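A.B. asks: As a plain string of letters, each chain reads:
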Amino acid sequence: MGIVYKKYLTGEKVLTCNNCKTHFATCDSIISKNFHGQNGRAFLFSNVINVYTGDAEDRLMRTGQHTVQDIHCAECSTVVGWKYLVAYEQSERYKEGRFILERTLLHYTST
Amino acid sequence: MKPETHNRSSTNGQSAGPSSRNDQEDVPMTMTVGSPNPNVLTPTGFNRHELVRLMVQSLQSLGYKKSAHELEAESGFQLESPAVTLFRECVLQGKWDKVEELMDELDLDPVHGLPLVKFSIREQKFLELLEARQIKSALVVLRSELTPLNQNIERVHTLTSYMMSSSAEDLRQRAQWDGVAGLSRQTLLSSLQKFISPAVMVPQLRLETMLRQATELQAKNCIYHDNRSTSYSLYSDHICDKSGIPSVTKKILDNHTNEVWYITFSHDGKYLASGSADSRIIIWSLESFEPVHTLQGHTSKVSCCAWSPDDTQLLTAGYDRTVKLWDVKTAVLKSTFQRHSDVVSCLAWLPDGERFVSGSDKNLYLMSYTGDMLRQWQFPVRDLAISFDGQTLVAMGGTIVRLISLVDFSEISKIEETDSITAISLSKDGCHLLVSTTLKPDKLPTMREIHLWNLAEGRIERKYSGFKQGLYIVRCCFGGWDERFVISGSEDCKVYIWHKENGSLIQTLEGHSRAVTSVAWSPTNPAMFASASDDHTIRIWGTPEDDQPQVLSANSP
Numbered sequence: 001m002g003i004v005y006k007k008y009l010t011g012e013k014v015l016t017c018n019n020c021k022t023h024f025a026t027c028d029s030i031i032s033k034n035f036h037g038q039n040g041r042a043f044l045f046s047n048v049i050n051v052y053t054g055d056a057e058d059r060l061m062r063t064g065q066h067t068v069q070d071i072h073c074a075e076c077s078t079v080v081g082w083k084y085l086v087a088y089e090q091s092e093r094y095k096e097g098r099f100i101l102e103r104t105l106l107h108y109t110s111t
Numbered sequence: 112m113k114p115e116t117h118n119r120s121s122t123n124g125q126s127a128g129p130s131s132r133n134d135q136e137d138v139p140m141t142m143t144v145g146s147p148n149p150n151v152l153t154p155t156g157f158n159r160h161e162l163v164r165l166m167v168q169s170l171q172s173l174g175y176k177k178s179a180h181e182l183e184a185e186s187g188f189q190l191e192s193p194a195v196t197l198f199r200e201c202v203l204q205g206k207w208d209k210v211e212e213l214m215d216e217l218d219l220d221p222v223h224g225l226p227l228v229k230f231s232i233r234e235q236k237f238l239e240l241l242e243a244r245q246i247k248s249a250l251v252v253l254r255s256e257l258t259p260l261n262q263n264i265e266r267v268h269t270l271t272s273y274m275m276s277s278s279a280e281d282l283r284q285r286a287q288w289d290g291v292a293g294l295s296r297q298t299l300l301s302s303l304q305k306f307i308s309p310a311v312m313v314p315q316l317r318l319e320t321m322l323r324q325a326t327e328l329q330a331k332n333c334i335y336h337d338n339r340s341t342s343y344s345l346y347s348d349h350i351c352d353k354s355g356i357p358s359v360t361k362k363i364l365d366n367h368t369n370e371v372w373y374i375t376f377s378h379d380g381k382y383l384a385s386g387s388a389d390s391r392i393i394i395w396s397l398e399s400f401e402p403v404h405t406l407q408g409h410t411s412k413v414s415c416c417a418w419s420p421d422d423t424q425l426l427t428a429g430y431d432r433t434v435k436l437w438d439v440k441t442a443v444l445k446s447t448f449q450r451h452s453d454v455v456s457c458l459a460w461l462p463d464g465e466r467f468v469s470g471s472d473k474n475l476y477l478m479s480y481t482g483d484m485l486r487q488w489q490f491p492v493r494d495l496a497i498s499f500d501g502q503t504l505v506a507m508g509g510t511i512v513r514l515i516s517l518v519d520f521s522e523i524s525k526i527e528e529t530d531s532i533t534a535i536s537l538s539k540d541g542c543h544l545l546v547s548t549t550l551k552p553d554k555l556p557t558m559r560e561i562h563l564w565n566l567a568e569g570r571i572e573r574k575y576s577g578f579k580q581g582l583y584i585v586r587c588c589f590g591g592w593d594e595r596f597v598i599s600g601s602e603d604c605k606v607y608i609w610h611k612e613n614g615s616l617i618q619t620l621e622g623h624s625r626a627v628t629s630v631a632w633s634p635t636n637p638a639m640f641a642s643a644s645d646d647h648t649i650r651i652w653g654t655p656e657d658d659q660p661q662v663l664s665a666n667s668p
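If you read the sequences in order, they're chains D and H. Start counting the first sequence at 1; every next residue gets the next number (the numbering used here). Start counting the second sequence at 112; every next residue gets the next number (the numbering used here).
These are calculated hints, taken from the structure and not from any lab test. Given the structure is predicted, the values throughout are model-derived calculations rather than measurements. Any given hint could turn out to be false.
[Claimed, not checked] Derived pair list, reagent style PhoX-like, types lysine-lysine, alpha-carbon separation capped at 20 Å:
1. K473/H / K7/D
2. K579/H / K6/D
3. K611/H / K13/D
4. K473/H / K21/D
5. K579/H / K7/D
6. K611/H / K6/D
With the hints as extra help, turn the sequences into a complete structure.
C.D. replies: Spelled out as structure tokens, the structure:
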């Protein structure tokens, strides 16, 4: 594991890991709040920091078939969301390369 | 090697031109007969006049007076005019009146040369008189010879104060001057050289000076240079083989039960302290390579430790947000400082051994070892270093490295990288800083570079690349003879060694089975460094020759 090299964000509201308070993204960078994860509401981002990705796998979601990777907190390894690699429906293509964080796994911090 | 052969062939080509006019047999004729033309070049392009004069000088200095004389006669080139020879002898014999007479023969600049030469000579004369306790004569020289020159009034005042010296010994000490019996006249002669045209008086030992420069340059360009071979042969270019670089695992220290995150040598090079994710710190003896103490007290992972300047105390810190102070000899926990509200990522002692700095994600604190908060700054600090002279604190956080004066705590300067910095390491002389950066992380996920910053000039001098760094902090440092090398850990389980000056990757060392995140080079043994890894071990690296010194010495000529 080594000492995790963490980056820090500044802003009114920073979304952090609920478990270890590692910074992930700012509220301003949320693209859409209209997503659902296994534990309720989820947010879409074009980029999040201090995470690493797991293996790619195909998942059937409400909006069709997708290839996704789980994303883990770099510090505590908790699964906090996923990353879209491929969306097979043309209308869902905009999600490719973007990240989902599940709301219940997040904590709000102001810096 | 390549440019040299190229050079040689091109000079061959040049020399073919002029020499084709007069056949080779003619060459000795032109040398012995008629007045020599001082501007004729040697086949390799050197001024024949200059070269012969240096050879004459060299012969003379080696004691071959007759041969020197013979060479002067054969070549028609004189080392120097009889007046210059006489001038030199008179200076060395202290015949100051004669020296003054001969000064006009030296072709000195009447404004910037002559008065200064006169001043230096009369200064020597004055000091010698004082040394011989001829106070009155010395006073006369001071008043009527030195003062009227109107040069360097401040020095005249200093010289005047030497009149008060109680004895010859006292004088020599006050003036930091080694007297007639010492080398003072030689030193004077060398100092006069800068006012006298080298064509009139050839600088002393000129040929040997240039040979020394050549060997120094060869040593500088020698990639594996290690200063072990102190004798240079003039017959061939100097080159060291790879065997001087630590490249073999000498010992594996495996008492930690989790990842080893930080290692640092004591200043005397006798011990190594290691901090681990198993919450313990182990102090290892580098003689027995066994643990001397295991320090238990932290409740979470240990991220850094720092030896006090006298190696009697150790500061440790980590994920439990505390800084702990240990007595090294007894392994007793002396204090626990709970000031930080975040993970403490770096520590450094001030040279007084009474104060230290600690950095976290939000703050930098300066504290005394008794626990008093002396100063605090509010910016993120990931890594710290303090210059050897204790004047400067180097604090890194984000993309910025700040240089802070430890005298008045002002910010001296700031260097900024375009990408995030993961670790830094300061050179012994405090002039250079290694900065490990994450380069354009989006496009090249593991492409990383270490930058060598010249702190005085605020620019990057060299870049080192090849190692892997993704999620973790991977440390780097200087090391080896004259800190000629740069080493870094890597997430591909290897240790990378670069040549500091030319930036080339010399070696990658394999052995660890997981990421290598911390490296440290012994401060006292240039042939030893250590690496710490996520595979729970520390490896001590040494040179291959330690094992089989006989084999190597048998192979070398």
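A.B. asks: Verify the proposed pairing of K611/H with K6/D, using a straight-line Cα cut of 20 Å.
C.D. replies: violated (28 Å)
A.B. asks: Mind checking the alpha carbons of K611/H and K13/D for me, to see if they're no more than 20 Å apart?
C.D. replies: Roughly 44 Å between the alpha carbons, so the hint for K611/H and K13/D is violated.
A.B. asks: Given the hint that K579/H pairs with K6/D, does the C-alpha gap stay at or below 20 Å?
C.D. replies: holds (17 Å)
A.B. asks: For the pair we were handed, K579/H and K7/D, check the Cα-Cα distance against 20 Å.
C.D. replies: holds (18 Å)
A.B. asks: Sort out whether K7/D lies within 20 Å of K473/H, counting only the CA atoms.
C.D. replies: Holds - the C-alpha atoms of K7/D and K473/H are around 12 Å apart, at most 20 Å.
A.B. asks: Are the Cα atoms of K473/H and K21/D separated by 20 Å or less?
C.D. replies: holds (14 Å)
Going through the hint list in order, the structure does not satisfy hints 3, 6.
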